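We have chain X already, so just place chains R and S on it with the hints.
Chains as they are written, first to last, in my numbering: chain X, 1 to 346; chain R, 347 to 637; chain S, 638 to 882.
If you are wondering where the hints come from, they were derived from the structure by calculation, not from laboratory data.
Computed from a predicted structure; not experimentally measured.
Where a beta carbon is used, it is the ideal one built from N, C-alpha and C, also for glycine.
Warning: the hint list may mix true and false statements.
[As the list claims (entries may be wrong)] Partial list, derived from the structure: chain X residues whose beta carbon lies under 8 Å from chain R: (1) V88; (2) D148; (3) I163; (4) R167; (5) K237; (6) L240; (7) L280; (8) G321; (9) I324.
[As the list claims (entries may be wrong)] Here are the simulated lysine to aspartate or glutamate pairs, DMTMM-like style, with alpha carbons at most 25 Å apart: (10) K431(R) / E223(X); (11) K704(S) / D716(S); (12) K704(S) / E756(S); (13) K329(X) / D406(R); (14) K211(X) / D654(S); (15) K849(S) / D716(S); (16) K696(S) / E523(R); (17) K329(X) / D438(R); (18) K769(S) / E753(S); (19) K704(S) / D521(R); (20) K329(X) / E523(R); (21) K795(S) / E523(R); (22) K431(R) / D861(S); (23) K825(S) / D861(S); (24) K840(S) / E756(S); (25) K508(R) / E753(S); (26) K508(R) / E756(S); (27) K795(S) / E702(S); (28) K769(S) / E523(R); (29) K795(S) / E666(S); (30) K431(R) / E713(S); (31) K431(R) / D119(X); (32) K795(S) / E866(S); (33) K849(S) / E713(S); (34) K769(S) / D521(R); (35) K508(R) / D716(S).
[To be verified] Between beta-carbon pairs, the in silico distance windows are: (36) G678(S) / A460(R): 40 to 48 Å; (37) T775(S) / V204(X): 55 to 63 Å; (38) R507(R) / A676(S): 38 to 46 Å; (39) I511(R) / G232(X): 43 to 51 Å; (40) S212(X) / V764(S): 55 to 63 Å.
Chain by chain, the residues run as shown.
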Amino acid sequence: MMKKTRKSSEQLGRAKDPSGFLKSLVQAGLKNRIFLIIIIAVLALVLFGTMPFMIGVDSFFIYYLFMVFIYIVVSQGWNLIGGYTGQVSLGTHAFFALGGYTTALIWLHDITHTWYYFDPLVMALSGVVPAIFAIIIGIPTLSRLRGDYFSFGTLAAAQILQIVILRTTAFSGGAVGLRLPAGGFTDLGRYYWTALLLVVLAVVAVYAITKSRIGLALRAISEDEMSAASHGIHILKYKLLAFIIGSFIIGVCGSLFAYYQFIVNPSSMMSLDRWMFYPLLICVLGGNGTIMGPIIGAFIVVTLFTFGENLVGRVHPMLSGILIILVMKFMPTGIWGLKDKISPRR
Amino acid sequence: MEIVIQALVNGILFGTMYGTAAIGLSLIFGTMRIVFIAQGSIIIFFSYLCFWLFTLLGIDPYLSIIPIVLVALLLGVAFYYGLFKESAALQDRISSLLIAVGVMFVAENFMTVAWTPNPRAVVTTYGFYTVRLFGIHTTLTRLIALGIAILATTGVFLFLRKTLIGTAVRACSEDSEASSLMGISPHRVNAVAFAIGTGLAGIAGINFATTYSFDPNYGFDIAIKALIALTLGGIGNVGGALLGGIIIGVIESMASYYVGMGWAQGILFVIFILTLTLRPYGLFGKISQKA
Amino acid sequence: MANQLLEVKGLAVSYGDVHALWDVSLQVEEEAIVALVGANGAGKTTILKTISGLVRARKGEILFEGKPLNHLRPQEIVDMGITHVPEGRRLFASLTVLENLKIGAYIPRARPFFAESLERVYSLFPVLQNRKNQRAGTLSGGEQQMLAIARAIMARPKLIMLDEPSLGLSPILVKTIFQLIATLNEQKARILLVEQNVNQALKIAHHAYVLKTGKVVMSGRGEDLLANEEIRKAYIGGMAVKRKK
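Extracted from the complex, chain X is given alone in its bound form:
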């Protein structure tokens, strides 16, 4: 257990504690549960971080993990909105696409004059634009629409965005889309590690929020809005906050995906199936409103769909559909929810 910790500090190049301190940390971890979780998380990070060196950076497995990471990030974003705060948004694909398109447009029009590939500034801005969109549609929908109506509203807003993108050909490239200038696909490495980094950032961010007072407010809102309001929680403010942060996370991920694809167009970036249903399914399958839920869910869903696509080909949506039905029927609380006791039925 101890040998891997030394590798991580050198190879990832991230700020880590010196290994001596780590040793005592591990010992403390065996006694304290939170430390144990951190140890496991660090180990997992090390494992995934070094994976490309172990099996070759262009292997299919690395691609598979890359997709898992992408979906973890998007799902964590949705989870914050839909899982923790209970606002089931069906407009996830809009945030994702906005992130990608922002990256493409900034680059194409040379807006930031910074170094072009994997520019953190551009990626951050790619998160800001969806966040602005979230504010624009969030304020009317979150304040006036409840439950199903809110979901429909977000879906409608997303579809309107898609139509606007499709129609404003001069600006957005219409159905063909925009090609990212410069840069070629060298290897999967940089995408993989950036995705891993995003996973860490997203998980840490969501974790920090849920453990904070904000998270408490969000949970209260999702359980009983009226009661929360009567305790002085400003409902709209917190819902909007979750919406904005969630959309930011999703947008940044969209940016990464745009870099990976070298092209942004509606069919790849705004695909209802891939960027709306799948994250929803991932969160529900893994366990809504939990941190581990989207992670577990992403692994399962991406595994099934990637390998399914290769093994069963044409009929894979049918099998996916059957899978969704079975899971929702028998495990509606998700896998992570299985660990809780089932409360007595009426």
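For chains R and S alone, coordinates are given in the frame of chain X:
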């Protein structure tokens, strides 16, 4: 000018199909709070059934109404008891939506693989007989489709108003707990509602097959428009759902004529949002207050 | 003790982790009006909901005419002869008065007698006959309460459970409702009554139970409890008044 009126008429006719789908959706959503997004794909499925009965067995599409509707009713009951019973009882929106999505995936994929994605249509010998009414041309099949849609809507309306089970469906829609205190079994009522929903999908499917060409991927599009029609009409309002569908059909047709199909879709979604935020109980206002 | 219509023994009910009822026992005999009184949140509604099957008990037994009710669904319990008029009435506002009454007689046991039950209901509540095609949501508070009780009668129940029938009604209407309950009882209906209006409830009840935070703290004959000092101080206030015969 004539083209405009033609577009209007086409819109109305197409709209009745959205409306028929919307009534089914409204019933299912009203009683069980399930957004049955697979309604469109199920409609297409029945269009295929109609097509195959016609092409392989030579059965006239309008004669196939009886077997198709029967199958549709049974399918609805099967869907409810097989798939949606648990999520309906728990009022679990996300689960039921995902199950409906699953059904949609299965249906679409099955139809694409089994029957190819090529467009189909049911073309009868009398199908192109045009009728001239008040100066506009329309085919006989479209008129018949309109008639069938109106009949079906009236049938459902009468069922809900005049029969005891229909009244029970409405009661359960409003308050399922109180209904159980009246001795009404929520599951049975839900199954009836679902069956009517899919039954209407069967009728819409036949109408669609006889009036337009279809392929397996139309389903989602139809379902979304039916959803918009549903919100226009107000939940639980049978006539409203039909009218909502017609309005959607007309707007789509007219907007397509003036600004093109793409923007027309956008306009529909804008109307969707406007209805949701400004008239959540539908265009026709609140029907009831809680007692 | 042999002729118990309804017998509840040792009932314990929780909503999640919150205990609503601890070890509650009560009986309803033939020919009786039994009242459950107590402050808000004492658990009175929970008892009714458990009996009618809307809520499941963690522990305890409910016997109706000697048969256990514990695992039956609400529809089946109605069929056995218990109707529950819930708190807030829960009428079907979008249905007409007549439709509400039709739904009241939904169970197969009551359907053949629909015309007969309807006539009885119209004679008890003439105003409902006048408004039979009106939407239930448009009725006044008092009329709605009458409709709720009428709807319960349509099921030809052996036991009617009323939850706060006087809620939200003016004092005159409250008197009317309670007179009605007494009349129903004279016509052989057995009634289990939950009320916050302790005064009226105890006046009319043959037997009563006082509930506090999920437990039965006192029980006895209606008039005895009415005269009881503690009860008066806690729930009624004012001097003891001789009950008019």
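To see whether the hints hold, each was checked on the structure:
Among the interface hints, the one on V88(X) holds; its C-beta lies about 6 Å from the nearest C-beta in chain R, closer than the 8 Å criterion. About 6 Å separates the beta-carbon of D148(X) from the nearest beta-carbon of chain R, less than 8 Å, and the hint is met. Against a cut-off of 8 Å between C-beta atoms, the interface hint on I163(X) holds, since the closest Cβ of chain R lies about 4 Å away. Of the supplied interface hints, the one on R167(X) holds, with its beta-carbon coming within about 5 Å of a beta-carbon of chain R, less than 8 Å.
Restraint check, K237(X) versus chain R: the minimum CB separation of about 19 Å is more than 8 Å; hint violated. Contact between L240(X) and chain R, as hinted, is not supported at the beta carbon level, the nearest pair being about 16 Å apart and thus beyond 8 Å. A distance limit of 8 Å between C-beta atoms decides the matter here; for L280(X) the minimum to chain R is near 7 Å, and the interface restraint holds. The beta carbon of G321(X) comes within 3 Å of a beta carbon in chain R, closer than 8 Å, and the hint placing it at the interface holds.
A hinted interface residue such as I324(X) counts as satisfied when its beta carbon comes closer than 8 Å to some beta carbon of chain R; here the least separation is about 4 Å, so the hint holds. For a cut-off of 25 Å, the pair hint linking K431(R) to E223(X) stands: about 24 Å separates their Cα positions. Of the pairs offered as hints, the one joining K704(S) and D716(S) holds, with about 13 Å between alpha carbons and a cut-off of 25 Å not exceeded. Restraint check for K704(S) and E756(S): the C-alpha separation of about 31 Å exceeds 25 Å, so the hint is violated.
This hinted pair does not check out: K329(X) and D406(R) have alpha carbons roughly 39 Å apart, beyond 25 Å. Taken as a hint, the K211(X) and D654(S) pair is honoured in the structure, with Cα atoms around 23 Å apart against an allowance of 25 Å. A hinted pair counts as satisfied when its Cα atoms are at most 25 Å apart, and K849(S) with D716(S) does not qualify at roughly 31 Å. Between K696(S) and E523(R), the direct Cα distance comes to roughly 23 Å. Compliance with the 25 Å bound is thereby established for this hinted pair.
Distance check on the hinted pair: K329(X) and D438(R) sit about 11 Å apart at the alpha-carbon level, within 25 Å; holds. For the hint linking K769(S) to E753(S), the alpha-carbon distance of about 16 Å falls within 25 Å, and the restraint holds. With a C-alpha separation of about 29 Å, the suggested pair K704(S) and D521(R) falls outside the 25 Å cut-off, and the hint is violated. Distance restraint check for K329(X) and E523(R): the Cα-Cα separation of roughly 22 Å lies within the 25 Å cut-off, and the hinted pair is therefore satisfied.
For a cut-off of 25 Å, the pair hint linking K795(S) to E523(R) stands: about 21 Å separates their Cα positions. Straight-line distance between C-alpha atoms of K431(R) and D861(S) comes to about 50 Å, which puts the hinted pair past the 25 Å bound. For the suggested pair K825(S) and D861(S), the alpha carbons sit about 23 Å apart, so the restraint of at most 25 Å is met. A distance of roughly 29 Å separates the Cα atoms of K840(S) and E756(S); the hinted pair therefore is violated under the 25 Å criterion.
This hinted pair checks out: K508(R) and E753(S) have alpha carbons roughly 20 Å apart, not beyond 25 Å. The straight-line distance between the Cα atoms of K508(R) and E756(S) is roughly 21 Å, inside the 25 Å bound, and the hint therefore holds. Under the criterion of a C-alpha separation no larger than 25 Å, the hint pairing K795(S) with E702(S) is consistent with the structure, at around 10 Å. The suggested pairing of K769(S) with E523(R) holds, with an alpha-carbon distance near 24 Å, which does not exceed 25 Å.
About 11 Å separates the Cα atoms of K795(S) and E666(S), which keeps this hinted pair within 25 Å; it holds. A threshold of 25 Å between alpha carbons decides the hint, and for K431(R) with E713(S) the separation of about 19 Å falls inside it, so the pair holds. Annotation: proposed proximity of K431(R) to D119(X) is violated, straight-line Cα distance about 50 Å (limit 25 Å). Note on K795(S) and E866(S): the hinted pairing is violated, with a Cα-Cα distance of about 34 Å set against a maximum of 25 Å.
With a C-alpha separation of about 30 Å, the suggested pair K849(S) and E713(S) falls outside the 25 Å cut-off, and the hint is violated. About 20 Å separates the Cα atoms of K769(S) and D521(R), which keeps this hinted pair within 25 Å; it holds. Distance check on the hinted pair: K508(R) and D716(S) sit about 24 Å apart at the alpha-carbon level, within 25 Å; holds. Between G678(S) and A460(R) the beta carbon distance is about 60 Å. The supplied range of 40 to 48 Å is therefore violated.
Restraint check, T775(S) to V204(X): a C-beta distance of roughly 57 Å satisfies the suggested window 55 to 63 Å. Taking 38 to 46 Å as the suggested C-beta distance range, the pair R507(R) and A676(S) conforms, at roughly 44 Å. Range check, I511(R) to G232(X): Cβ separation about 48 Å, and the 43 to 51 Å hint holds. The hinted range of 55 to 63 Å is satisfied by S212(X) and V764(S), whose Cβ atoms lie roughly 58 Å apart.
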